[in-house]
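Going down the list, the protein sequences come from chains A and B.
Under my numbering, think of the first position of the first sequence as 1, with each following residue one higher.
Under my numbering, think of the first position of the second sequence as 1, with each following residue one higher.
For the record, the hints were derived by calculation from the structure and aren't laboratory data.
Treat the numbers as computed from the prediction; the structure is a model and nothing was measured.
Please note: incorrect hints may appear among the correct ones.
[Unchecked claim] Restricting the straight-line Cα-Cα distance to at most 30 Å, the calculated cross-link-like pairs of lysine-lysine (DSS-like) are:
id: 1; chain 1: A; residue 1: LYS83; chain 2: B; residue 2: LYS79
id: 2; chain 1: A; residue 1: LYS70; chain 2: B; residue 2: LYS79
id: 3; chain 1: A; residue 1: LYS57; chain 2: B; residue 2: LYS42
id: 4; chain 1: A; residue 1: LYS9; chain 2: A; residue 2: LYS83
id: 5; chain 1: A; residue 1: LYS14; chain 2: A; residue 2: LYS83
id: 6; chain 1: B; residue 1: LYS98; chain 2: B; residue 2: LYS42
id: 7; chain 1: B; residue 1: LYS42; chain 2: A; residue 2: LYS70
id: 8; chain 1: B; residue 1: LYS79; chain 2: B; residue 2: LYS45
id: 9; chain 1: B; residue 1: LYS42; chain 2: A; residue 2: LYS71
id: 10; chain 1: B; residue 1: LYS79; chain 2: A; residue 2: LYS57
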Amino acid sequence: DGGITQSPKYLFRKEGQNVTLSCEQNLNHDAMYWYRQDPGQGLRLIYYSQIVNDFQKGDIAEGYSVSREKKESFPLTVTSAQKNPTAFYLCASRDSPAYSGNTIYFGEGSWLTVV
Amino acid sequence: RKEVEQDPGPFNVPEGATVAFNCTYSNSASQSFFWYRQDCRKEPKLLMSVYSSGNEDGRFTAQLNRASQYISLLIRDSKLSDSATYLCVVVRDGTASKLTFGTGTRLQVTL
């Protein structure tokens, strides 16, 4: 079945460590996104990518990095510079953003906790 | 002013009630609109797209008012299973395609 796979589902990080969250999609979508959601809060955009080898910062990019070397993959690295990384991270994808009606599909999310 | 604003609720309604949520957006260049449902500790899932002429899917009706820059979601005959957070999504496409989510409105349907 087509979809978006995020891994790991649960991750614990020690302070000062970098961690990478994986996001893979087999929907052949052009655009991919990373969001962060804190308890009781909405989704905030970290980074997004419209095509391979291109990505843009979202509203809260500081302390995060991404790459888009392949169409199907958009990993997110949470660096030690991110001071409050404990949150629920959601990856999403969407077919060509040129067509405004295209809907957004989400992975099941990754829970990151700093210990 | 936030790009997309929703009343966070919670809306507590009895089973069978009709409930409506609004979502306002600030950018008049916004082109596409969606309602998503998010259950506790789960990813958001598409509930319905919102079309200019309004659209209905069973007990759910979505409306768009471009002049006043808001979208609405009406749920009729509420079920216990409708309890969730409802997120509106506003899309601006173009060279900097961007999706903006509202903070969500929490609905609790009770017996």
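Now for the hints, and whether the structure bears them out:
Distance hint between LYS83(A) and LYS79(B) is unfulfilled; the C-alpha atoms sit about 41 Å from each other, more than 30 Å. This hinted pair does not check out: LYS70(A) and LYS79(B) have alpha carbons roughly 43 Å apart, beyond 30 Å. Using a Cα cut-off of 30 Å, the hinted pair LYS57(A) and LYS42(B) holds, with the two alpha carbons roughly 25 Å apart. Taken as a hint, the LYS9(A) and LYS83(A) pair is honoured in the structure, with Cα atoms around 21 Å apart against an allowance of 30 Å.
Only pairs whose Cα atoms come within 30 Å are accepted, and LYS14(A) paired with LYS83(A) is accepted, the gap being roughly 12 Å. For the given pair, LYS98(B) sits about 22 Å from LYS42(B) by alpha-carbon distance, which is consistent with the 30 Å threshold. A C-alpha spacing of about 27 Å is found between LYS42(B) and LYS70(A), which places the hinted pair at or below 30 Å, so the restraint holds. In summary, the hint linking LYS79(B) to LYS45(B) is supported, as the alpha carbons are separated by about 18 Å, within the 30 Å threshold.
The straight-line distance between the Cα atoms of LYS42(B) and LYS71(A) is roughly 25 Å, inside the 30 Å bound, and the hint therefore holds. Between LYS79(B) and LYS57(A) the CA atoms are separated by roughly 40 Å; this puts the pair beyond 30 Å, and the hint is violated.
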